[in-house]
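S.K.: Go ahead and model the full structure; you've got the sequences and the hints to work with.
Chain residues, written in single-letter form:
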Amino acid sequence: MNEIFTLLSFGNMGWGDEIALGVAMTVSLALASLPFGLLLGFLLALAKKSEEPSLRAAANIYTTIFRGLPELLTLFLVYYGGQILLQQVLSLFGDVYFEVNAFLAGMIALSLVFSSYASEAFLSAFRAIKQGQYEGANALGLGYVQTMRLVILPQLVRLALPALSNLWLILLKETSLVSIIGLADIIRYSNMAARTTKEPFLFFSVACAIYLVLAIISSTGISRLDSWAKRGETHR
Amino acid sequence: MSNLSLGAAGSFVQNQTIEAKAPPPPPKSRDWTLTRVAGTTWLTFWILGGLGIVWFLLNSNHVALVFQDDGFLPVSITHNAKFLVKYGEKFVSGFLITLKLVGLSMLLGVLLSIPMTFMRMSKSRILGGIAYAYIYFFRGTPLLAQVFLIYYGAGTFRIPLQSIDVWWFFRDAWNCAVLAFTLNTAAYQVEILRGSIQNVAKGQWEAAAALGIPKWLTFWKIILPQALIVSLRPYGNEIILMIKGSAIVAIITIFDLMGETRRAFSRTYDFQAYVWAAIAYLVMVETLRRLWDRIEARLTRHLKR
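Protein sequences, first through last, are from chains A and B. Per full-length UniProt numbering, numbering through the first sequence is continuous, rising by one, with the last residue being 236. Per full-length UniProt numbering, numbering through the second sequence is continuous, rising by one, with the last residue being 305.
Please note: incorrect hints may appear among the correct ones.
In silico DSS-like cross-links for lysine-lysine, where the CA-CA straight-line distance does not exceed 27 Å [claimed, not checked]:
#, chain 1, residue 1, chain 2, residue 2
1, A, LYS230, A, LYS130
2, B, LYS304, B, LYS221
3, B, LYS202, B, LYS123
4, B, LYS100, A, LYS49
5, A, LYS49, A, LYS230
6, B, LYS28, A, LYS48
7, B, LYS221, B, LYS123
8, B, LYS90, B, LYS100
9, A, LYS49, B, LYS28
10, B, LYS123, B, LYS100
11, B, LYS304, A, LYS130
12, A, LYS130, A, LYS49
The hints are simulated quantities; they were obtained by calculation from the structure and are not laboratory data.
M.R.: As structure tokens, this is what we get:
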């Protein structure tokens, strides 16, 4: 038992500090992908509900691709494909070597996947908002931007929140894939620790426990966010 | 001849033909609004991208279209597709392994999820608690971590596992992958099954009880058929998630579609490996999705009006 504490302690003897670094990496990657994913997802949902058929078709192609590809493959396509593409482009300008940052590649891949799922969440939320809301806003003389900001978005957030919070939990779990392209996240450090100390079960259990704790913390945050989004609903 | 017999009426018809209605004006050409420009640009981008991928695949397999000016066939194809010749067969075997992994673990997951669902829904706090913890663990942690926990983690218990003679099971990456995937999908399937069973109106139970039908028969003949229809869509989604998730077994040295792709890429540094894999996965998932829509439409046709 003492041995386990030594292994998990912070400092030279234990792996606690390395794993903490891994947690920071996982959380920052997820947090960095979230805003891009949300924004892209929102724009995609706008495209999908537009009256322009070409825009709808293009947005649907995007969703089909990034929902159909395995996340790991998307990550590899972005990481290796991005590398090759950039190299090709840069070779036009001369002999420059450029290495694609693993964090950036992970962020792009996760945002792409997240946005394609989020667009569906936003779209179904848009569909739940009645036409009368737009008409009412129009009658009050609000323009498009004002209608969106003051009337539609507050309702949209409330309606899309359950689906989006599910997607956040999925995103948090998907960050584990970046360990495969060499980013030092929880899994990567656990793997290193497991190999060095020959205690794989201990370290992978710790990794799983950390993910569970992150999920629990997220759930608390989400339920607060939910009650904030529902603050306008009166109890009847 | 006919003119004669018709007489005055005929000449009237000839002279006073009613003017045909003017044809409707041609449809107004749509304005180039901002959304239309954006949509067309985006769509053009997709088309060019698709053509670019086709060109890339042809080019990297040395397939060239050579136009000749003599003869009937202006096109001759020279091909020297080393990559496909060398790795094509392996891609197919990887594809079959992916299907086998997903099929086997889905099937075992169904078998495991049924008793787990009863546990989860039972009134006993202990049984319900165990099932809840199991589901929470497998839904709350990444599949990659679960696979590592089983495959590498089993090494910690090598001696006890050897003593009960099950070490051979955990030594093999394939068994560990199937075990991890089965446990994972079972946890999701319990929630699907539980959700759909609880979705059936309570009146169905009460009506069956009023008719004197025993509980197990009510469940089997009345509740379950209704629940399974509701659960069709989530089950389809779960299969798709499993296909996509199965790509990670490549990390623990199983040569599924992703594993073969990685192997081919690491040997040739030819990016077409990943492009072929992407096409294979997309086709697999899209086919399944469309097929599932058909199946669902067929099975729920009695619910439509």
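S.K.: Work down the list of hints and note, for each, if the structure agrees.
M.R.: To see whether the hints hold, each was checked on the structure:
At roughly 18 Å between alpha-carbon atoms, LYS230 of chain A and LYS130 of chain A fall within 27 Å of each other, so this suggested pair holds. For the hint linking LYS304 of chain B to LYS221 of chain B, the alpha-carbon distance of about 22 Å falls within 27 Å, and the restraint holds. Restraint check: the Cα-Cα separation between LYS202 of chain B and LYS123 of chain B comes to about 17 Å, which is no more than 27 Å; the hinted pair holds. Of the supplied pair hints, the one linking LYS100 of chain B and LYS49 of chain A is violated, its CA atoms being roughly 39 Å apart against a limit of 27 Å.
A threshold of 27 Å between alpha carbons decides the hint, and for LYS49 of chain A with LYS230 of chain A the separation of about 25 Å falls inside it, so the pair holds. This hinted pair checks out: LYS28 of chain B and LYS48 of chain A have alpha carbons roughly 24 Å apart, not beyond 27 Å. Under the criterion of a C-alpha separation no larger than 27 Å, the hint pairing LYS221 of chain B with LYS123 of chain B is consistent with the structure, at around 22 Å. The straight-line distance between the Cα atoms of LYS90 of chain B and LYS100 of chain B is roughly 15 Å, inside the 27 Å bound, and the hint therefore holds.
Taking the CA atoms of LYS49 of chain A and LYS28 of chain B, the gap is near 23 Å; set against the 27 Å cutoff, the hint holds. Distance restraint check for LYS123 of chain B and LYS100 of chain B: the Cα-Cα separation of roughly 37 Å exceeds the 27 Å cut-off, and the hinted pair is therefore not satisfied. The hinted pair formed by LYS304 of chain B and LYS130 of chain A meets the criterion: a straight-line CA distance of about 25 Å does not exceed 27 Å. The hinted pair formed by LYS130 of chain A and LYS49 of chain A meets the criterion: a straight-line CA distance of about 14 Å does not exceed 27 Å.
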